[in-house]
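J.: Build the full structure now, drawing on both the sequences and the hints.
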Amino acid sequence: MASKVSFGTLSYRIAILSLLALVLGSLASLAAIAFIESVAWLNDVLLISPRSRVQVQNPLLLSAATIIVPMLGGLVVGIVIQRYSAEQRPLGPPDAIRAVQLRAPLPSVRSGVVSTIAAIVSIGSGASVGQYGPMVYMGAIAGNLVSQLKLPIANLPTIAIACGVAAAISTAFNAPIAGLVFAHEVILRHYSLQAFAPTTVAAATGYVIANIIFERPPLFLVEFSGVGHSYEFALFALLGFVCALLSVGFMRLIFYINASAPKLPVPASYRPALAGLMVGLVALQLPDVLGIGTETLRFATIEGAFESWELILLVVAKMGLTAVCIGLGFAGGVFSPSLLIGILFGAFSWTLLELIGLPNSGVVVYAICGMMALTSPIIGAPLTTILIVFELTHNYDLTISAMVAVVFANLLAFRLLGRSMFDVVLARAGVDLSLGRDRALLEHTKIIDLPISNFFRVNLNDTTQLVIEKLKQDGRSEAVVVDSKGVYQGIVRIIDLLGQDSNSISANLHMDSPVFDEDTTLWQGMSALEGFVGEAVPIVSGTDATLIGMIAESELITAYQKIAQGLRAEENEAV
Amino acid sequence: MKPFNISFSLCFIFCLGSLSAQAEQQTLTIATWGGSYESAQQKALFSPFEATTGIQINTQFYNGEIAILKGDLVPDIIDMTMDDALLACEQNLVQRLELSKILAPSPDGLEPEKDFIAGALLPCGVAHLSYSTLIAYDDRAFPGEKPQRIADFFDIKRFPGKRALRKQPSAILEWALMTEGVPMNQIYDLLSTDRGMRLALRRLDNIRDHIVWWDDPKEPAALLKSRQVVMSSGFNGRFFDAQTRGDTITMIWDGQIIDWDVWVVPLKPKQTNVATNKFLRFVTQSENMARLAEHIPYGPSRLSALKRIGLHPQKKISMRDHLPTAPHHLDRALFRDAKWYARTLALRKNRFWGWINSLQVGEN
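Just so you know, the sequences run in chain order E and R.
Just so we're aligned, residue 1 is where the first sequence starts under the working numbering, counting upward by one.
Just so we're aligned, residue 1001 is where the second sequence starts under the working numbering, counting upward by one.
The hints are simulated quantities; they were obtained by calculation from the structure and are not laboratory data.
None of the values given here were measured: they were computed from a predicted structure.
Warning: the hint list may mix true and false statements.
[As the list claims (entries may be wrong)] Here are the computed lysine to any residue pairs in the SDA-like style, where the Cα-Cα straight-line distance is at most 25 Å:
id, chain 1, residue 1, chain 2, residue 2
1, R, LYS1339, E, GLU215
2, R, LYS1349, E, VAL56
3, R, LYS1349, E, ARG53
T.: Now the structure itself:
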C-alpha cells in the first residue's frame, strides 16, 4: 500500500499531520487550562471553594450564598442552553463519539461554545457535575475547527477530533499517555498508525504546555508503599464487582431522572435552577457535595478523616445530587463526580476491613481502587483508567491493584448495562455501537439518500396489453404499479403477464416484495434483502403511501461495500 | 506638573526632616521582635540610620498580632507579619502608604515597583523580608539516626523527647496536615474545612504529652541548648544565630513555612510622616536590606538587594545559601497564605484554644 505513495507526498502528509497535531494540541490544552482556571476563579468568587468559604466571617451570608449561588447558576445555565443552543441540551463526549464513529458533522460551533460556557457556569456555581466531559468536548470543537481546513489528508475530521480530545485529557490530568489512550479507546475505537501518530503528538503537546509552560502541579500524589498481603488482590476484584453494581445503579439513576424530567411541571429552562436549589439545601448540612470536591477527594485517602457513616452518607448524597444535576440539565460531565463517589466508597470498604480486623495495606489503595473501578464502567475505558492511576500517582503498586478492580468492574457493568454511559446515551438516541461501528454506520445511512434508480411506473388501470408493450419498449422485466393517486400497489413482472387473458393486471400483482420508506436504514435494507429475488425495491412515503422511487439491489450492495471498505481503510491507514 | 510634584514632595520630606532634626532631637519608636533579630536590625539598619539622619531609634518589644495598635503605647513603626499587616490594613489601624513616593529606586535606577518582588508593595506597608518557620533539633539528643522530615517531629517512637511549639494556631496546623500526606498546594484548601482542622488537631493529639509551649521567639534556641526539649519550632534566623554561637542545632528544612515581615505605620493623631517615611526609605534601600541579610539569614524582598548579599561579618560564610528561599531549601517548602491567615484568625484561635482547653480538662 505504502509503496504507491511517492516520497514527496508522504513527507508532505507527515509534515501536515505533525503540524496539525501541534496546533491542535496547543489549542485544546490552552482551552482546557482556561476552563480549569475559570472554574477555580468562579468557585472562589462565588463562595463555593472551602478556601473562600472559610474566609467569610458572616455565617448568614455564607448560608445564603450556599443556596442562592447554585440556584442562580442553574437559572443561567437553563436559559442559555434553551435559548442559544440548537440542540437545547449540553453537549459532551457522546456527541464527539457520534461524529467520529458515524463520520457525521459535530453539532454547530455555536452550540459547542454555549455548552462550554454553560459547563463553566455549572461547575463554577457548585453544581454536582464534572469538568472532564466538557473539556473533552472542547477538544472535539478544536479538532472540528481545524478539520474545516481543506487539507488533502484522508480521515482528517476524525483524526483532528481525536487529537483535540487527547490533548484536553492530557492537560486536564497531566497524563499524556492516558490522553492518547482515551482518544483511541473512547473516541476513535481503532488503532491506525495514521491516527496514532498525530494523537500522540497532540497529547505530548498538551502535557508540555500544562507541565512545563504553566507548571501545573500533579493532580493526585499519594504515598503508598505496596500491597502487604496477597489476598488483598481478591478484595480488589470484589471491590471492582461491587463498584460495578454501584456504577450501573448510578447511571440508571441519571437516565431515570433524565427521562422523568419532562414530566415535571417546570419548563426546561428552569429545571437546572431546581437542581441547584437541591444542591444548596443539601450543602447547608453537607458542604462536601458542592462542586468538584477536590478537598473531599484528598480526605478520602487519609485514614480516619471520615467516619463510616459519613462516607456512606456522602456516597448517597453525591450520587443523588449528581443524577439530579445532570438529569435536570446542568451542563457537565459524570467523570469527576464518579471519581469522588468511587473514592468515598473505596474508603468505606476499607473501614469495613478495619471493622472486621482484617490486616490490610491501608486506606489509600482501597480508595484508589474504588475510585477507578466506579469510574471505568462509566467512561467505558479500562485502559485509560488504569493509565490515569499510573500517571497521577506515579505508583506502580497502586496501578496494579487498581487494574484488578477496574477490569472486574468493567466486565460486570458491560453485562448489566453496556460499554459505557456514553454508548448507552448514544444507543438511546439511535446510534448503537455495541455491535460494532459498521453496524452503527449502516444504521445511520438512510436508503433514501442513496442514488435512486430509474424505475418504470404503470397505473393500476392500465390494461395488461398496454403494460406488456410498455415493458417491451423499455426493455424491462418488471414495473411498479401505482393507483391514480400515486399510491404504491405492487409489482408486475412481464413473465406473469405474457399469455394472460385478463385485461386487468391486478390479478398478477406481486405484493410480497419488501417495501422501504424514507426512514429505512441501510442496515434494515440489507436485512430485508434476504431471499429477495427482484431487481429493485420500492421506496414508499411513510405518510401517504405514495411511491417515491425504487432502489436497485446493486445500489444497496455497493453502498454497503463502500462503508465496509472505508472503515477498513481508515482503520488500517498508515500515513 | 508631575515632575514638579515629585521633586516638591521629595524636598518636603527631606528639607523639612533635616530642619526639624536640627531643631530638636527626634526619636522614632520601632516595634520589633527582640533577640538576635533585633540586634541584627540594630547593627544593619538602626545604627546606620541614626548616624545618617540624626533621628534616634527606640525599640519596643513586639510579639505579633494587632492588639498593639489598639493599646496605649502605639509605636511609630511596626515590623509585622504579613497576615497581621493585612488585618491591620483591613481594620484601618495603619496608614495607607504611597510607596512609590517613599521608597528609593534600586542602585541601577530601577523603580521600586519593578525591583521589589511581586506582592511586596502592599496598600498599607512594604513586605521587606522573608523568614522561615521550621523545626530544629538538638544534635546531642539523637546520636544515631537524625530527624530529617517534618513527619519525624510527630514520631515520638523513633525520635523520643519533648518538643517545643509556639502557643499559637499557626504552622503546627500546616505541619500536621503535611504529615498526613497532603501536598503543599492543598494544605490551605484542606485546612479551610472543618474536617481538615479536626485532622490537624488529631495529629497534635498524638504528641500532646510531649509538647512544651513557647511564646517569645528567642525561647526555642534556649530550650534546645538547655536540653529541656529535643526539637522545637522556631525561626530560621534565630536558629542560625544560635549555630554561629556554637549551639548544636540542626534545622529541618523539609516542611518549612515561608512568610513575610512587613513595615507598617500606625495611624496616630497629629502625626507627620517625615521621620517615618525617612525610616522606610532608608531600611528598604538595597544596600541596607542586603546588609541585614548578612547579619541574619532572612531574604530581602528586593531583587537588587538579593544580588548584593555577601558574607556573614564574623563567620565569613556566604549568607545567600542560608536564606529560606535558597534553592536547596525549597524542595518541600510551603508559602504561607497570609490573606487566608488574616481572615481565619478567629476560627484558628477558636479551634486551637478549644483543643488546648480540652487537654487541660483531660488532665484534671
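J.: Now look at each hint and say whether the structure bears it out.
T.: Hint-by-hint comparison with the structure:
With a C-alpha separation of about 23 Å, the suggested pair LYS1339 (chain R) and GLU215 (chain E) falls inside the 25 Å cut-off, and the hint holds. Between LYS1349 (chain R) and VAL56 (chain E), the direct Cα distance comes to roughly 16 Å. Compliance with the 25 Å bound is thereby established for this hinted pair. Distance restraint check for LYS1349 (chain R) and ARG53 (chain E): the Cα-Cα separation of roughly 17 Å lies within the 25 Å cut-off, and the hinted pair is therefore satisfied.
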